[in-house]
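Student: Given the coordinates of chain A, assemble chain B onto it according to the supplied hints.
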Amino acid sequence: MARRSLPILKQILSKSSDQCSPFLTPTRSVTYMPRPGDGAPRAVTLLPGDGIGPLVTGAVEQVMEAMHAPVYFEKYEVHGDMKRVPEEVIKSIKKNKVCLKGGLATPMGGGVSSLNMQLRRELDLYASLVNCFNLRGLPTRHENVDIVVIRENTEGEYSGLEHEVVPGVVESLKVITKFCSERIAKYAFEYAYLNNRKKVTAVHKANIMKLADGLFLESCREVATKYPGIKYNEIIVDNCCMQLVSKPEQFDVMVTPNLYGNLVANTAAGIAGGTGVMPGGNVGADHAIFEQGASAGNVGNEKLVEQKKANPVALLLSSAMMLRHLQFPSFADRLETAVKRVISEGKCRTKDLGGSSTTQEIVDAVIAALE
Amino acid sequence: MATQLLRRVLGSRSRQILSTTNPNPNLALPIARAFSSDITPITATLFPGDGIGPEIAESVKQVFRTAEVPVEWEEHYVGTEIDPRTQSFLTWESLESVRRNKVGLKGPMATPIGKGHRSLNLTLRKELNLYANVRPCYSLPGYKTRYDDVNLITIRENTEGEYSGLEHQVVRGVVESLKIITRQASLRVAEYAFHYAKTHGRERVSAIHKANIMQKTDGLFLKCCREVAEKYPEITYEEVVIDNCCMMLVKNPAAFDVLVMPNLYGDIISDLCAGLIGGLGLTPSCNIGEGGIALAEAVHGSAPDIAGKNLANPTALLLSSVTMLRHLELHDKADRIQNAILSTIAEGKYRTADLGGSSTTSDFTKAICDHL
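Chains as they are written, first to last, in the working numbering: chain A, 4 to 374; chain B, 48 to 419.
What the hints contain is simulated information worked out from the structure, not anything from laboratory work. Glycine included, C-beta positions come from ideal geometry on N, C-alpha and C. Fair warning: there could be bad hints in the mix.
[What the hints assert, rightly or not] Interface residues of chain A toward chain B, partial, derived using beta-carbon atoms under 7 Å:
| no. | residue |
| --- | --- |
| 1 | Lys181 |
| 2 | Asn265 |
| 3 | Gly287 |
Just chain A, with the same shape it has in the complex:
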């Protein structure tokens, strides 16, 4: 009888633990202890941008107000067809140190003077982070995905140094420096250490580009020796993409140069539920800009804007990351819990997740799910 009772006991215990699943319990066992004065409202620059940008940033504003979060937004109008980012916007971001951004369209001839790249260069936001993970209740082809792609944001293939040698022959320079490679590797390992991640994978093509990607790998290897508790391995970028579509659960944190990071982040976002739900941001030593993680190079089509059916989940999760960055962790937790509950219930979903709700309906559902 003792042998038979063990599995029955296990079943009973698992059932009871299922019912009190962590994010549905109203009380929390962790208290964050702030310093006096931490609750003072913080200013955050808000750039609605183009396309679906104003819709989704409007959603974030509504939710922040409903939560009575101690942030207030300084809105500035920036559009993709401007030549430069206005001075006042840069000044505001430098003052507030934190910015939330909708999408900025890059016109076809934009090049590296596209406004996104300009912001990253001026504020030296050298790390771009995209967190791709399976959301509970959202069916995808791949399970157990939880990948963080950390991408070098300032150099590499996007240095913008192109010229025509003779008519019909064009050269583009890809620049890799030890300084930038080292600091992105340091950021990746630090991130892994602070967030209890077990493995960092460097993505490269050093078998062909021996010097350039070789330098990147050397920097990663040097930093890896300083973090003996974190596993480090390297993978060639074409093998990486192949593994991402067949066995994505083997990846944890990935650190990549500029171009490969773009591809890997968009692929990982695609397998984990789509670009409409992945949070992300750009961070530098002094400033941070939070935006939709992987945007696949567009700001939504006009139909989405007209019908107001854009997906605000990505920006809501990014704004939760922003609240943590501003050191308001319990507001961040509440927001994330509410958004995840709305997704898992499955009643309110926008078109890219298989439903037909509008942005406003999602916002209302999230506000209702906040406690």
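Tutor: Same frame as chain A, now just chain B:
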């Protein structure tokens, strides 16, 4: 009836007549073969390769024999010494044989580690001027992956782009790598892509680029693609940014038909598509060179750990040989062999270890021959 009499009387002379009137030298030989009544066998170069190479090459020979494909194989092996004329382990005779025969099939080759010689793949590519790499990716019915409806071709420019190998250290800690795009190479690969789409009945060609950031280089590539697209008005042409392409490929691969891309994007996207259908062990590939040379190859490794044990999966090399047959315009034989392979895998009774079964290479080959 008079023309038929004439053709029979002239017999072998018809080949010469047809070759002089046909403007495209690449297609003269196969068309002539289709007309001549007794088919002279086509000589093709075969590089069995290393590791599992010889076993799977034997599979291909057996299947071709059973299907009565008019191909005679000229086998060449990688030498054990560096040939000074080619600076690598491939001999000058092997390369001359491919240039002469214009078709070849290559198994997996392991490049020996060491210095002072070029890698084997690089030698082949440079000496034979292989400018386009074609990879047809279609879901194999019966082998379940997460994606069931993949049916696309990736055509990748193979000579320039980011893989030109021109790198240098500017100062300590700063490295520059050159990406080169030329009008000539881009036009060449775009021409081949549209020609391929037309001859294989494909409706759409998509050019993959990142011209919003790299305006001049990818911009030149796109300009060349647009020029060629104007010559083929019946084929739809579109341009897709590479990050959008990656995302759409993993969400909905059925949206793509023929993809044409520069070197680096092509490398990544073609491997991504191979991953969608089940890995490199099942993906065919074909390299097209100047003068109509086609070298079909299996892109997987030589798997030295299972070499000689009769466990290897010959599917990749078999499907590559089908691609070679299509290039030779022997479409009916190609279809027969392809259907035999697909139905054998779909049946599920004979599968090699990497597909989840337990058959040997010879059993699998015999099952395919039975299906023919």
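Student: Work down the list of hints and note, for each, if the structure agrees.
Tutor: Evaluated hints:
no., hint, in the structure
1, Lys181, "4 Å, holds"
2, Asn265, "5 Å, holds"
3, Gly287, "20 Å, violated"
The structure is inconsistent with hint 3 alone, although it conforms to all the rest.
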